[in-house]
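**Q** What follows is the residue order along each chain.
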Amino acid sequence: MTQSVVVQVGQCGNQVGCRFWDLALREHAAVNKKGIYDEALSSFFRNVDTRSAGDGPDIYKGKICSLKARALLIDMEEGVVNEILQGPLRDVFDSKQLITDVSGSGNNCPVQAENQLISKYVEGILGIASPPSSRAVGYKVYGCQYRENIVEKLRKTAEHCDCLQCFFIIHSMGGGTGSGLGTFVLNLLEDEFPEVYRFVTSVYPSGEDDVITSPYNSVLAMKELNEHADCVLPIENESLFDIVNKIHQMINSGKLGSTVKPNSLVTSSAGTAKTVQEKPFDAMNNIIANLLLNLTSSARFEGSLNMDLNEISMNLVPFPRLHYLVSSLTPLYTLADVNIPSRRLDQMFSDAFSRDHQLIRADPKHSLYLACALLVRGNVQVSDLRRNIERLKPSLHFISWNQEGWKTSLCSVPPVGHSHSLLALANNTCVKPTFMELKDRFMKLYKKKAHLHHYLQVDGMEQGCFSEAISSLSDLIEEYNELDASKGGLRTDPSRLKIAV
Amino acid sequence: MSIVAVQLGQCGNQVGHEVFNTICGDVRGTHGLCSKKENEAYHDACTERFFSEAESGVPVARAVLVDMEPKVISQTLSIAARSGHWKYDDQSHFCQKQGSGNNWANGYSVHGPRNKEVIMNLVQKEVEKCDRLSGFFTIMSMAGGTGSGLGAFVTQCLRDAFPTSFILNHVIWPYGTGEVIVQNYNSVLTLSHLYQSSDALLVHENDVIHKICAQLMHIKQISFRDVNQVIAHQLGSVFQPAHTAEAGLHYSRNPLGDLMEALVPHPEFKMLGLRNIPQMPENSLAYSTFSWPGLLKHLRQMLIANAKMEEGIDWQVRPPCPGSSISSSHSTNKLLHFNTSIANLVILRGKDMHSVDLGSFRDPSLYTSWLNPQDAFNAWKTPRAFNKYEKSASLVSNSQFLLKPLDNVVGKAWNMFASKAYIHQYTKFGIEEEDFLDSFTTLEQVISSYTNL
Ligand SMILES: Nc1nc2c(ncn2[C@@H]2O[C@H](COP(=O)(O)OP(=O)(O)OP(=O)(O)O)[C@@H](O)[C@H]2O)c(=O)[nH]1
Ligand SMILES: Nc1nc2c(ncn2[C@@H]2O[C@H](COP(=O)(O)OP(=O)(O)OP(=O)(O)O)[C@@H](O)[C@H]2O)c(=O)[nH]1
Ligand SMILES: [Mg+2]
Ligand SMILES: [Mg+2]
Numbered sequence: 001m002t003q004s005v006v007v008q009v010g011q012c013g014n015q016v017g018c019r020f021w022d023l024a025l026r027e028h029a030a031v032n033k034k035g036i037y038d039e040a041l042s043s044f045f046r047n048v049d050t051r052s053a054g055d056g057p058d059i060y061k062g063k064i065c066s067l068k069a070r071a072l073l074i075d076m077e078e079g080v081v082n083e084i085l086q087g088p089l090r091d092v093f094d095s096k097q098l099i100t101d102v103s104g105s106g107n108n109c110p111v112q113a114e115n116q117l118i119s120k121y122v123e124g125i126l127g128i129a130s131p132p133s134s135r136a137v138g139y140k141v142y143g144c145q146y147r148e149n150i151v152e153k154l155r156k157t158a159e160h161c162d163c164l165q166c167f168f169i170i171h172s173m174g175g176g177t178g179s180g181l182g183t184f185v186l187n188l189l190e191d192e193f194p195e196v197y198r199f200v201t202s203v204y205p206s207g208e209d210d211v212i213t214s215p216y217n218s219v220l221a222m223k224e225l226n227e228h229a230d231c232v233l234p235i236e237n238e239s240l241f242d243i244v245n246k247i248h249q250m251i252n253s254g255k256l257g258s259t260v261k262p263n264s265l266v267t268s269s270a271g272t273a274k275t276v277q278e279k280p281f282d283a284m285n286n287i288i289a290n291l292l293l294n295l296t297s298s299a300r301f302e303g304s305l306n307m308d309l310n311e312i313s314m315n316l317v318p319f320p321r322l323h324y325l326v327s328s329l330t331p332l333y334t335l336a337d338v339n340i341p342s343r344r345l346d347q348m349f350s351d352a353f354s355r356d357h358q359l360i361r362a363d364p365k366h367s368l369y370l371a372c373a374l375l376v377r378g379n380v381q382v383s384d385l386r387r388n389i390e391r392l393k394p395s396l397h398f399i400s401w402n403q404e405g406w407k408t409s410l411c412s413v414p415p416v417g418h419s420h421s422l423l424a425l426a427n428n429t430c431v432k433p434t435f436m437e438l439k440d441r442f443m444k445l446y447k448k449k450a451h452l453h454h455y456l457q458v459d460g461m462e463q464g465c466f467s468e469a470i471s472s473l474s475d476l477i478e479e480y481n482e483l484d485a486s487k488g489g490l491r492t493d494p495s496r497l498k499i500a501v
Numbered sequence: 001m002s003i004v005a006v007q008l009g010q011c012g013n014q015v016g017h018e019v020f021n022t023i024c025g026d027v028r029g030t031h032g033l034c035s036k037k038e039n040e041a042y043h044d045a046c047t048e049r050f051f052s053e054a055e056s057g058v059p060v061a062r063a064v065l066v067d068m069e070p071k072v073i074s075q076t077l078s079i080a081a082r083s084g085h086w087k088y089d090d091q092s093h094f095c096q097k098q099g100s101g102n103n104w105a106n107g108y109s110v111h112g113p114r115n116k117e118v119i120m121n122l123v124q125k126e127v128e129k130c131d132r133l134s135g136f137f138t139i140m141s142m143a144g145g146t147g148s149g150l151g152a153f154v155t156q157c158l159r160d161a162f163p164t165s166f167i168l169n170h171v172i173w174p175y176g177t178g179e180v181i182v183q184n185y186n187s188v189l190t191l192s193h194l195y196q197s198s199d200a201l202l203v204h205e206n207d208v209i210h211k212i213c214a215q216l217m218h219i220k221q222i223s224f225r226d227v228n229q230v231i232a233h234q235l236g237s238v239f240q241p242a243h244t245a246e247a248g249l250h251y252s253r254n255p256l257g258d259l260m261e262a263l264v265p266h267p268e269f270k271m272l273g274l275r276n277i278p279q280m281p282e283n284s285l286a287y288s289t290f291s292w293p294g295l296l297k298h299l300r301q302m303l304i305a306n307a308k309m310e311e312g313i314d315w316q317v318r319p320p321c322p323g324s325s326i327s328s329s330h331s332t333n334k335l336l337h338f339n340t341s342i343a344n345l346v347i348l349r350g351k352d353m354h355s356v357d358l359g360s361f362r363d364p365s366l367y368t369s370w371l372n373p374q375d376a377f378n379a380w381k382t383p384r385a386f387n388k389y390e391k392s393a394s395l396v397s398n399s400q401f402l403l404k405p406l407d408n409v410v411g412k413a414w415n416m417f418a419s420k421a422y423i424h425q426y427t428k429f430g431i432e433e434e435d436f437l438d439s440f441t442t443l444e445q446v447i448s449s450y451t452n453l
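Going down the list, the protein sequences come from chains A and B.
Mapping to UniProt numbering: the first sequence position 460 is 460, numbers consecutive.
Mapping to UniProt numbering: the second sequence position 3 is 3, numbers consecutive.
Chain A on its own, in the form it takes in the complex (with noise of 0.2 Å):
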């Protein structure tokens, strides 16, 4: 079995990762009920031996001793940091899992000084919160000052896994901290381990995002998931938004009667190591959990059907910068009864290609499908993959050259509190609109010069990133277009090899 490691960076990649451990622990512990360390926990955890001194020796078999996630918690302040290594799930991290401005060792890097300098301006010139949301701070001072310890920490971490396999980025793009040294991280991680896999999972701002320079990050950031990223899975938060709300409908307008089992909601920590009071984005930031625990439970778990994870990068991304994977999870919510009715179990599949289901604001229906991949756990059959592929596919459109384009796998294991679960996953040209808003949005504030000067204070940035992160943007967008162009256009196969008989 392999293992990943999980790297979250910033804010909104802390919280995220926190919520995702609270939701692993609760998966696997609904399934290892014997509590023995078995290959499934060992794919994201450790079992360390807490009763030697120090760090103690892994343990491979046997009982569960003391476990430990497999991951990298980086921010440059340490309030959200703190906060999960005094909440519940403190014992799943040590601190040597840890990067935050203060604990960092050798502080005599001579940027430091200069750093604390902007980071002072631009915290009044702006008014944001300290550290400046600045990608520039988060790529190039941070970065450069904690290269070392990071590559230092990501080697440890690997030296655990007997077969390293994957590296999931968890932050925002709005956040300085998130996009640069997020993206300064699966850069290093390209050097160090270029034979792992990178998956990134990037919260896209909002157009009222409280982060003023927001774009100059995204935009930033979004050159490095071109050129380093094997897959991104793009998450916004209004979607998560909607998401929420309409589950909270579904309860309260008691459409659903006493049947739901509340535990069961995707959105839901109920039954969670939790104690503390929920804080705002738990409940959107447990959708991204569960989008992460669907995505690796058959590389996890058996099933008639297995997909391990370098699987969907050789399914789904057929040129390499196209690797950006919109995502929907259904069912939102499950009803009590464990025998599902095939109508209903269908509806599954259609609310995954709904617009409203989608992570992101998107309409992968009236878009045009490079590749399309099914996850699908629980009490289903191939003889169900086959009904609603033929079902939906005359109402999607698949690009000339792969009209069947479906990646399917089935995994034996449920969700908690779930009898089925389908996660969808789609290289789709809907991404398309994300990354224009984005543009536009950076170039209003590129045209007038707005806020330039804090990024380019930095040591090592000129204005020429910007014009070079923005141009790899236009290209990408650009390649969408050419790939919408041919939906429309009549199909002519290409004339197949003559054998001279």
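Keep in mind that a hint or two might mislead.
Calculated pairs, PhoX-like style, for lysine-lysine (alpha carbon to alpha carbon, straight line, at most 20 Å) [as the list claims (entries may be wrong)]: (1) K223/A / K444/A; (2) K61/A / K97/B; (3) K153/A / K96/A; (4) K487/A / K420/B; (5) K37/B / K211/B; (6) K125/B / K87/B; (7) K388/B / K37/B; (8) K37/B / K498/A; (9) K393/A / K487/A.
To be clear, the hints were calculated from the coordinates, so they are not data collected in a lab.
With chain A's structure known, arrange chain B with the ligands on it following the hints.
**A** Leaving out everything else, chain B with the ligands in the frame of chain A:
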């Protein structure tokens, strides 16, 4: 003589397990409906073929299990052990930590060379357990990365290491609407490579078996296990012991050799399809009776009309009249659907099979003209009933059965190839565009050969 099975990848291991299960269930069953002596001979021949005897008395499958990820093999081993009637050798399996990621190039160029020695050692150990080796039966899908890529590599290694043994590759053809997006690439690479080193490819199409599960077996929610049980039943009906015409009263000693001799007269033609009759849910069997002429009439029409099962056969299709050439015939339409054969093998199991008239399968108009019709048809028989069916007939056919599916796969792969989509995933592991072109050329040649029968 014995057959060593090599199960590769998730599909290969899941199907392989079901095959041994079916075979074991069949010999253990009390449904043989034949003399005690016959039954014992059948039992002994079957054991020699597929099982070695462990000290514990539980038969041990002559199989090597290979996958690049651990989950499937550990599950397969434990389910087999739980049956109590047979098991796999504890030592005879090999897995790594991560699968080939549906990438043929990864299986063929990376996992293959890296693990060649271990795998071939396991095979060698299995071979040493056999008094006499008939050959190898590899089981794999062609859509994933391990069964297809590593499977093609291992087949080549088997060919090199055992030049005089027979190799039959059992290949699962993917669902048309896909479980794997790059399945057509992987299939093209697999088929073209197997064509170089295998003696014959025995193909099962998932779509076809799925339909059989729905229409004949009346299964509502069809699982891979259901599909695999039908496949295993069909394979068992071919590979369980039977008397060849030559061997007379003894069970055929060299099952793979006999099969190749009967069905593969020319190395350009090695795609074998399989049909069987009857096929129905177990609880309907008790209420059904069959007559041999009825079964064979259906089976023959399934052959000439290329019907995948006994339901929905097109009875209009007829063989061309002798002497009439296709272009001058007034019924071209019917002829277009006519399935021309190179060679056929019919296997009859059960009551009264000696009285059966197989003349209709010897009809020269069923066959391509360049082969002597006498050599083109063979029949194997046994009075021992198979798997609870009082009478059953199977047909293994080297014919145009697979022409259309093959043409489809090559066509779709070619479309994708023209856009260069996904190619970078293969070049990463050393499979270049030229390699694809070579594979396309090989298969276009095969298509053309079968088309022009
Ligand atoms: N879904 C979700 N979004 C969040 C969360 N926290 C912050 N965000 C979003 O992330 C963006 C702000 O980035 P942060 O992650 O807070 O910033 P950072 O990475 O810590 O970087 P700094 O600017 O250095 O603080 C905004 O778009 C927020 O809406 C969270 O817990 N969940
Ligand atoms: N009939 C049948 N087909 C199967 C089964 N499992 C998988 N398949 C088919 O096999 C193909 C997928 O290949 P797998 O065998 O899963 O792949 P693999 O050989 O394990 O290779 P990787 O997973 O890529 O390393 C698809 O076409 C599936 O439809 C099974 O149990 N029975
Ligand atoms: Mg922050
Ligand atoms: Mg596999």
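**Q** Has the given pair, K388/B with K37/B, been kept, meaning a C-alpha gap of at most 20 Å?
**A** holds, 19 Å
**Q** With a cut-off of 20 Å on the C-alpha distance, tell me whether K37/B and K498/A pass.
**A** Given that 20 Å is the threshold and the Cα spacing comes to 57 Å, the pair is violated.
**Q** Does the alpha-carbon distance linking K393/A and K487/A stay inside the 20 Å limit?
**A** holds, 15 Å
**Q** Need the status of pair K61/A, K97/B: alpha-carbon distance at most 20 Å?
**A** holds, 17 Å
**Q** Sort out whether K211/B lies within 20 Å of K37/B, counting only the CA atoms.
**A** With a Cα-Cα distance of about 38 Å, the restraint between K37/B and K211/B is violated, given a limit of 20 Å.
**Q** Has the given pair, K125/B with K87/B, been kept, meaning a C-alpha gap of at most 20 Å?
**A** holds, 17 Å
**Q** Taking 20 Å as the top limit, are the C-alpha atoms of K223/A and K444/A close enough?
**A** holds, 19 Å
**Q** Need the status of pair K487/A, K420/B: alpha-carbon distance at most 20 Å?
**A** holds, 18 Å
**Q** Please work out if K153/A and K96/A have their alpha carbons no farther apart than 20 Å.
**A** holds, 7 Å
Violated hints, in rising order: 5, 8; the structure is consistent with all others.
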